[in-house]
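Trainee: Listed here are the chains, written in short residue letters.
2 protein chains.
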Amino acid sequence: MKVFEKRFRVEALTDTIEMDGPEVQHMRVLRLKAGDEIHLFDGTGWEARARIEDLDAFTVTMIVLERFQNDLELPQPVTLALALLKGDKLADVVRACTELGVSRFQLIKTQYADVPDLGDNKLVRLRRIAEEASKQSRRAVVPEVLAPISLKQLPSVPLGFVAHPGTQDTVLSKLSWDGQVWFATGPEGGFSASEVELLKQKNFTPVTLGKRILRAETAPVALLGAVVSTGV
Amino acid sequence: MKVFEKRFRVEALTDTIEMDGPEVQHMRVLRLKAGDEIHLFDGTGWEARARIEDLDAFTVTMIVLERFQNDLELPQPVTLALALLKGDKLADVVRACTELGVSRFQLIKTQYADVPDLGDNKLVRLRRIAEEASKQSRRAVVPEVLAPISLKQLPSVPLGFVAHPGTQDTVLSKLSWDGQVWFATGPEGGFSASEVELLKQKNFTPVTLGKRILRAETAPVALLGAVVSTGV
Numbered sequence: 003m004k005v006f007e008k009r010f011r012v013e014a015l016t017d018t019i020e021m022d023g024p025e026v027q028h029m030r031v032l033r034l035k036a037g038d039e040i041h042l043f044d045g046t047g048w049e050a051r052a053r054i055e056d057l058d059a060f061t062v063t064m065i066v067l068e069r070f071q072n073d074l075e076l077p078q079p080v081t082l083a084l085a086l087l088k089g090d091k092l093a094d095v096v097r098a099c100t101e102l103g104v105s106r107f108q109l110i111k112t113q114y115a116d117v118p119d120l121g122d123n124k125l126v127r128l129r130r131i132a133e134e135a136s137k138q139s140r141r142a143v144v145p146e147v148l149a150p151i152s153l154k155q156l157p158s159v160p161l162g163f164v165a166h167p168g169t170q171d172t173v174l175s176k177l178s179w180d181g182q183v184w185f186a187t188g189p190e191g192g193f194s195a196s197e198v199e200l201l202k203q204k205n206f207t208p209v210t211l212g213k214r215i216l217r218a219e220t221a222p223v224a225l226l227g228a229v230v231s232t233g234v
Numbered sequence: 003m004k005v006f007e008k009r010f011r012v013e014a015l016t017d018t019i020e021m022d023g024p025e026v027q028h029m030r031v032l033r034l035k036a037g038d039e040i041h042l043f044d045g046t047g048w049e050a051r052a053r054i055e056d057l058d059a060f061t062v063t064m065i066v067l068e069r070f071q072n073d074l075e076l077p078q079p080v081t082l083a084l085a086l087l088k089g090d091k092l093a094d095v096v097r098a099c100t101e102l103g104v105s106r107f108q109l110i111k112t113q114y115a116d117v118p119d120l121g122d123n124k125l126v127r128l129r130r131i132a133e134e135a136s137k138q139s140r141r142a143v144v145p146e147v148l149a150p151i152s153l154k155q156l157p158s159v160p161l162g163f164v165a166h167p168g169t170q171d172t173v174l175s176k177l178s179w180d181g182q183v184w185f186a187t188g189p190e191g192g193f194s195a196s197e198v199e200l201l202k203q204k205n206f207t208p209v210t211l212g213k214r215i216l217r218a219e220t221a222p223v224a225l226l227g228a229v230v231s232t233g234v
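Protein sequences appear in the order of chains W and X. In terms of my numbering, the first sequence opens at residue 3 and continues consecutively. In terms of my numbering, the second sequence opens at residue 3 and continues consecutively.
I should point out that these hints are in silico values taken from the structure, not numbers from a laboratory. Since we're looking at a predicted model, the values are computed, not measured. What you were told as hints is all true, and nothing was included just to trick you.
Result set (DSSO-like, lysine-lysine): computed pairs, CA atoms no more than 27 Å apart in a straight line: (1) X/K137 <-> X/K124; (2) X/K91 <-> W/K213; (3) X/K154 <-> X/K111; (4) W/K88 <-> X/K137; (5) W/K91 <-> X/K213; (6) X/K91 <-> W/K88; (7) X/K202 <-> X/K154; (8) W/K137 <-> W/K88.
Cβ-Cβ distance ranges computed for the label pairs, FRET-style: (9) W/G191 <-> X/D122: 35 to 41 Å; (10) W/W48 <-> X/P24: 55 to 61 Å; (11) X/W48 <-> W/G191: 24 to 30 Å; (12) X/V66 <-> W/E146: 53 to 59 Å.
Ideal placement from N, C-alpha and C gives every residue a C-beta, glycine not left out.
Put together the whole structure using the sequences plus the hints.
Mentor: The structure is reproduced here in structure tokens:
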């Protein structure tokens, strides 16, 4: 019997699980067989140890042996409102910020962005990247990646922070985990003054990331880095 | 007369500066001409406003009008001891951590690294990337990128931090700016237990970056992100 560290995603952690699709091919490539124990997760925070009962060319049947809640999530759900970026930069940010614990990405259209909108294919790709990064960092939650909306359509948030040059306030002096937390980071050209005003009205506090100019793809990783440096 | 925001690097900020090489071509592409004001920096923290006296196909002559110290540096020099990484990951880390204020990269060879050493060409490329990133983030210091040494060859440091999973200590609770600060981050496979012991002997304190597994190229950006989130 092998016990595999590798984690497979399933729709739901019912007592008996039948599954087909690419994960089955993946199991066969790994030479898994009936009797082997594997590790499952459902994308909502639950995981399980399971045993393979049967594995043929197209279908696997598994029995859940033990369920447990994965404790690798941040204390509260964190949403990153992320301005559209050029090229592969969005993918880089989604990958790194998934590792850092973000549970939802809300893409946003902004005034100084180099790209006006995002195609459906690219959105699908970002979702796949979020799923891969979630697996790799052993999280049990796969972050949502929500299609772009305008900044105006963003809700008023309970607690929010926007990375903004020239600010003195620090994120860690104001961060609390009493409820959901939002972060916002701008496009290559930064947020405009009126966009920052709008974000303030929606309860986002401008916070510093030091005195230097950061690229749009560095700022969100630095901001979430500050959050996880507290040990959460 | 034009006044250019774009910054050009010079060897030294003497009263009169003659220069040839690629920066001259760059000035000609930007259609700069005698009488225009430009912004110079010497890579050690000093900048200057200067006037172009003469610009021909190969040479530019400039007169320094005003020198000033750039205040975008961290309170003390920061060195990142960075394990060798595969592919373009080193370049990504050098770029982002230059923006975040690192003033020296000491590449290190480690036990679980996927690459044993670094070719001279790649070292030259990393130095070019550090220079570009320094310009873009408007820093006046171009970080050094030092050729790889073994972990044993690292000096004992006055104050150091190593990102290490499973630790409770936090970087910001122990960071002070009384002298030089060092950070260390590992390769794809992480530091071995004996490497962490060695780093501790050299005065590096293991610190947390949260409960999830970060990729080797995310950890240094997150760690420096925590540092700059204090406003430095």
